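Engineer: Each chain is listed here by its residues.
There are 2 protein chains.
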Amino acid sequence: MVVTTNLRKPLISNMKNGKTYIGIDIGGTNTVIGLVDSKGKCLKQKTFLTHSKEPVASFMMNLEKEITRMFNQNGNYPSGIGVGVPGANSITGFVEAPGNFNWGRINLAQMFMEKYDLPVKIMNDAAVAALGEIYFGAAQDLKNFIYITLGTGVGSSTIVNGKIVTGHYGMAGELGHTKIYPSNRMCSCGKRGCLETYVSANGICRTVFELLSTEKTESPLNNYSFNNLSPKIVTDFAHKGDAIAIEAYKYAGKILGEKLADAVGLLNPEAIVISGGLTAAGRFLFESMKISIEENLLQMHKNTVEIRLSDPDINYAVLGAASLLMKSVY
Amino acid sequence: MVVTTNLRKPLISNMKNGKTYIGIDIGGTNTVIGLVDSKGKCLKQKTFLTHSKEPVASFMMNLEKEITRMFNQNGNYPSGIGVGVPGANSITGFVEAPGNFNWGRINLAQMFMEKYDLPVKIMNDAAVAALGEIYFGAAQDLKNFIYITLGTGVGSSTIVNGKIVTGHYGMAGELGHTKIYPSNRMCSCGKRGCLETYVSANGICRTVFELLSTEKTESPLNNYSFNNLSPKIVTDFAHKGDAIAIEAYKYAGKILGEKLADAVGLLNPEAIVISGGLTAAGRFLFESMKISIEENLLQMHKNTVEIRLSDPDINYAVLGAASLLMKSVY
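Just so you know, the protein sequences line up as chains X and V, in that order. Using the working numbering, the first residue of the first sequence is number 1, and each one after it goes up by one. Using the working numbering, the first residue of the second sequence is number 1, and each one after it goes up by one.
Okay, chain X solo, but in the shape it has when bound:
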């Protein structure tokens, strides 16, 4: 493969502004590749479908094609590859069978290194996004914070004294699979009642359907099948005053606030940084979340934690993945 040869022998760099790095953000739905300079500027970016239910070999072939297309255009020679992926273990380099993927347990770092003669680092997707926020985003002045991203699933990472908490075995940071009571909602992880079954794209739709089944409120949402519903549609109806749509986000905010309050009690951070597609719901989600956080905090923790939103126009996971090669921080 041409690109493999190019990447194996990076004889010349045509970048005038120093080194560049490949940052890859592998999500359950999309994968984003970026070429990032050392100031956190994304020089090129490409998104393609992950097809996470197909074998990883198929994903790696698609990835290679995309990299070929991107880098053949004007021959940039990156200095390393950083990868953010759900279930990644930064100590072993393995990806530990994340819920939304049919990849099993694989040594993804090794697979990259066999293909590209470049330094490769791999980390949990939420942790690299938190790194992106630390270096280039909303967390540049923060030393102790909780990062949470609300999208297809719930990603999260905790930062203590300026460092990502990786845990003893490299698999820390999970808030998305903490338990909600009483709940019987099946989660993609195989457990029931996880936070992710409420506060995610899918979770919002499930709550709409639960409300439609328990209430007798008239709502245009009664015209949608589950497969045709999305958080964007729910948000649009919330803006139009639909009671079910408003209640669905309010409920998600309440539950999210309860779980964040638990984490604030444990870690006493200065801030919570929130990103992901669900943040587009704005006040419909965050008003009840903020009330719920404060209601559930001990007196000594009340009014100590700031809520910050990530800039939705920047992919901080790609920047953070690239930063794994730039700096030594975790």
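If you're looking for bench data, these hints aren't it; they were derived computationally from the structure. Check before you lean on any hint, since a few could be wrong.
Just so you know, same-sequence chains aren't split out, so a pair can sit in one copy or run between any two.
Said to hold, decoys possible - Below, computed lysine-lysine pairings styled on PhoX-like, alpha-carbon distance capped at 25 Å:
(1) K19 - K39
(2) K302 - K179
(3) K39 - K240
(4) K179 - K290
(5) K65 - K302
(6) K254 - K44
(7) K232 - K290
(8) K191 - K290
Nothing here was measured: the structure is a model prediction, and the numbers come from that model.
Following the hints, complete the assembly by docking chain V onto the known chain X.
Structural biologist: Okay, now just chain V, sitting in the frame of chain X:
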């Protein structure tokens, strides 16, 4: 006061084996004072009632009397005072109005320093107990663990990369006031449904009374008033096969396991160290707790966390409080 004068002018030390330190463990029921050498040996120890519902000035007077009695006997001159107390903020030195105390928000470190011309350090009671375990107890080989103590209340502390997590404002480590669903049990902190209302001395008794009210099981526990009941009595009946007593601990273990699983997902520790009076229930509490932890963990976290029990014959909070003056670790 003689002892004050003695402590203000420590001209001579009669300790042959180097420096000694005063470690004080202030609990909701009892306060323990110890004279500790630098190897973690407790040379003298004294326990007295805290009377935490009375003003702090009254407590300080009682404390001074006890210190006078202890140290006048053979004139040891300690090199500093370390204090473990619920709600302590190690950054500000303040005690932040803990639930079981009527002391309000007080600068306890300052109160000690005004009375004794010695270095004084103050920290959350669970955090100093965790330090005691790190230096002299069950956690000597651990770098990442959760410490939890089950007594009058629930104390907890988390240790990441060998250091106590104090949080940005010095008030991290709270697991006892995370929320249980569905629950309406009033907690001493003013919230409802806290873990502490289930997994503490008082919590076990409350569960016994809840079970007696919901079941029709014959049990000798029907002969006890709430004020006459204690975890020891419940444990004794559990050993005799009483179904209510067994179920009360089983339920506490299940709930504790769920909350510990949440914390394990967030911090991915190598172990959980458990201490406190409730550990005397042994298998009645821990069998269901272990099952519940594993049931509630993500696949990648299953079977990664070791459970260790503290030695019930040693007061590690006193040793840890004294160690605040010996070493710089947090």
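Engineer: Give a verdict on every hint.
Structural biologist: Taking the hints in turn, this is what the structure says about them:
1. K19 - K39: Only inside one copy: K19 and K39 sit 10 Å apart there, 52 Å across copies, limit 25 Å.
2. K302 - K179: both (23 Å within a copy, 16 Å between copies)
3. K39 - K240: neither (42 Å within a copy, 69 Å between copies)
4. K179 - K290: The answer is both: 20 Å in one copy and 16 Å across copies each meet 25 Å.
5. K65 - K302: neither (51 Å within a copy, 37 Å between copies)
6. K254 - K44: Neither way: K254 and K44 sit 39 Å apart in one copy and 51 Å across, limit 25 Å.
7. K232 - K290: Answer is within; shortest intra-copy Cα gap is 21 Å, inter-copy 42 Å.
8. K191 - K290: between (27 Å within a copy, 17 Å between copies)
Checked against the numbered hints above, the structure violates hints 3, 5 and 6; every other hint is satisfied.
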